[in-house]
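Visitor: Chains as they are written, first to last, in my numbering: chain U, 2 to 256; chain G, 14 to 219.
These are computed hints drawn from the structure, not numbers from a lab. Among these hints, one or two may not hold up.
Claimed, not checked - A partial selection of chain G residues facing chain U, derived with a Cβ cut-off under 10 Å:
no., residue
1, Gly60
2, Glu61
3, Lys63
4, Tyr154
To be verified - Listed next, with one range per pair, are the computed distances between beta-carbon atoms:
no., chain 1, residue 1, chain 2, residue 2, range
5, U, Glu248, G, Glu103, 45 to 55 Å
6, G, Glu103, U, Pro252, 42 to 52 Å
7, G, Arg70, U, Gly181, 19 to 29 Å
8, G, Ser137, U, Val35, 44 to 54 Å
9, G, Asp170, U, Glu196, 34 to 44 Å
10, G, Glu21, U, Ser166, 38 to 48 Å
11, U, Asp32, G, Lys76, 42 to 52 Å
Glycine included, C-beta positions come from ideal geometry on N, C-alpha and C.
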Amino acid sequence: MFQKRIVVCLDVRDGKTTKGIRFKGNVDIGDPVVMAEEYYNQGVDELVFYDITASAERRGIMIDVVRRVAEKIFIPFCVGGGIATVDDMSAVILAGAEKVSINSAAVRTPSIITGGARRYGSQCIVLGMDAKVDSSMPSGYGIVIDGGRVKTGKDMLEWAKEAESLGAGEIVLNSIDADGTRDGYEITATRLVSESVGIPVVASGGAGIPDHLVDVLTRGKADAALVASMVHYGDFSVGEIKKVLSESNVPVRLD
Amino acid sequence: MITVVDYEAGNLKSVETALYHLNAEFTISSDPEIIVKSDKVIFPGVGEAKHAMGVLRSRGLDKAIITFASTGKPLFGICLGAQILQDYSEERDTQLLGIIPGDVKLFPSDMDLKVPQIGWNTVSHDSSLLFEGIPQESSFYFVHSYYLSTKLSGGSDSPWIAGRSKYGITFASAVHRDNIWATQFHPEKSGPKGLKLLDNFIRRID
Chain U
2 MFQKRIVVCL DVRDGKTTKG IRFKGNVDIG DPVVMAEEYY NQGVDELVFY
52 DITASAERRG IMIDVVRRVA EKIFIPFCVG GGIATVDDMS AVILAGAEKV
102 SINSAAVRTP SIITGGARRY GSQCIVLGMD AKVDSSMPSG YGIVIDGGRV
152 KTGKDMLEWA KEAESLGAGE IVLNSIDADG TRDGYEITAT RLVSESVGIP
202 VVASGGAGIP DHLVDVLTRG KADAALVASM VHYGDFSVGE IKKVLSESNV
252 PVRLD
Chain G
14 MITVVDYEAG NLKSVETALY HLNAEFTISS DPEIIVKSDK VIFPGVGEAK
64 HAMGVLRSRG LDKAIITFAS TGKPLFGICL GAQILQDYSE ERDTQLLGII
114 PGDVKLFPSD MDLKVPQIGW NTVSHDSSLL FEGIPQESSF YFVHSYYLST
164 KLSGGSDSPW IAGRSKYGIT FASAVHRDNI WATQFHPEKS GPKGLKLLDN
214 FIRRID
């Protein structure tokens, strides 16, 4: 049976995870490679690393992280943050990542999606979209960039369809309104995007309890759900989330 | 010696890392002579069939793989590497190597499912050596829009099927006959079960 994916997202700055992340057992871990292994052992289906390193000259550190992660975990993982050219994508993929995620750069230069897809195949190219409620937009949601500060004037659904036609293989839809609330995913926006495109949609932003994942993977029609703080602070393990999903008849990988 | 065929396939690096992890002795090569003389060959792949066939032909690797397959020594195709072993692909009307009978087909568009299939799916397998120690309905990681056919041209089930999975339709997720092995999924990205399967190919199959 085909299964819904649980994706854990890690923010990385200068080669370290950004928060004093605490697994059950209260051990502070700052090494993204050690954290990746922990989630791998918990049974996560996929990982995303977002590089939020500010200075360009320190970005090589991330490539080293990618290389070390690839040696330790044997599931797919995606790298995003600061990727603006096809050469940036190459560096990450050649270091061992399955996928690259592009967000603001794709809004500014949509042809980067096509360039990446031609070189590595659509399955490698993930479009990250930050959506925000905007009643002036046809779908009711607009696309924002640069961490939600800048409105692009793009409608969420128009951009999702355009990205698919340009060659994106997957969409990570992050709701700026829900992000950080831990009150649940943006179900309506997720369902709208998932029903408008033929590529998988990963829901992001707002997860607080396992039932939120049940909701977005059923009513929200998401193909995968991204979690961060709800697992980073030890509130839930990936295994506990999957147990709830399975009991709610959402097919997930338990072995 | 195990040789991994290097034709710039997208998952070469992942296969290499997994083999290192398993302490396998292997070499990576695009030299047809080395491939033909190997004890075992792993033929990886991610990408597009026509382009891949072009690269293989330009380096004489198409003939090398066919020759190696005829020696009776174990050959393992992964994902696109599995598909290329069949006769023909609907992906840009491409003639393939003709080692595994049957055609590679595009998932139907009317399935109400996303294409490509990206993610984990369960496999019902035939308990052959490749799956030794791997329970039925274990999950493996798939990324593909085209699938290995389970039917021969006459309409009967192919005797080559070693594993079946369902994504709208039932398709061959693993194939085996004599010395030829192939999986549509990526064992190198399928966690501990995938590593076990690769280990089976390296250590259990002669």
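Visitor: Each hint: holds or not?
Guide: Outcome of the hint check:
no., hint, verdict
1, Gly60, "holds (5 Å)"
2, Glu61, "holds (7 Å)"
3, Lys63, "violated (13 Å)"
4, Tyr154, "holds (6 Å)"
5, U:Glu248 - G:Glu103: 45 to 55 Å, "violated (40 Å)"
6, G:Glu103 - U:Pro252: 42 to 52 Å, "violated (28 Å)"
7, G:Arg70 - U:Gly181: 19 to 29 Å, "violated (53 Å)"
8, G:Ser137 - U:Val35: 44 to 54 Å, "violated (36 Å)"
9, G:Asp170 - U:Glu196: 34 to 44 Å, "holds (36 Å)"
10, G:Glu21 - U:Ser166: 38 to 48 Å, "violated (27 Å)"
11, U:Asp32 - G:Lys76: 42 to 52 Å, "holds (47 Å)"
When held up to the earlier numbered hints, the structure conflicts with 3, 5, 6, 7, 8, 10 and fits the remainder.
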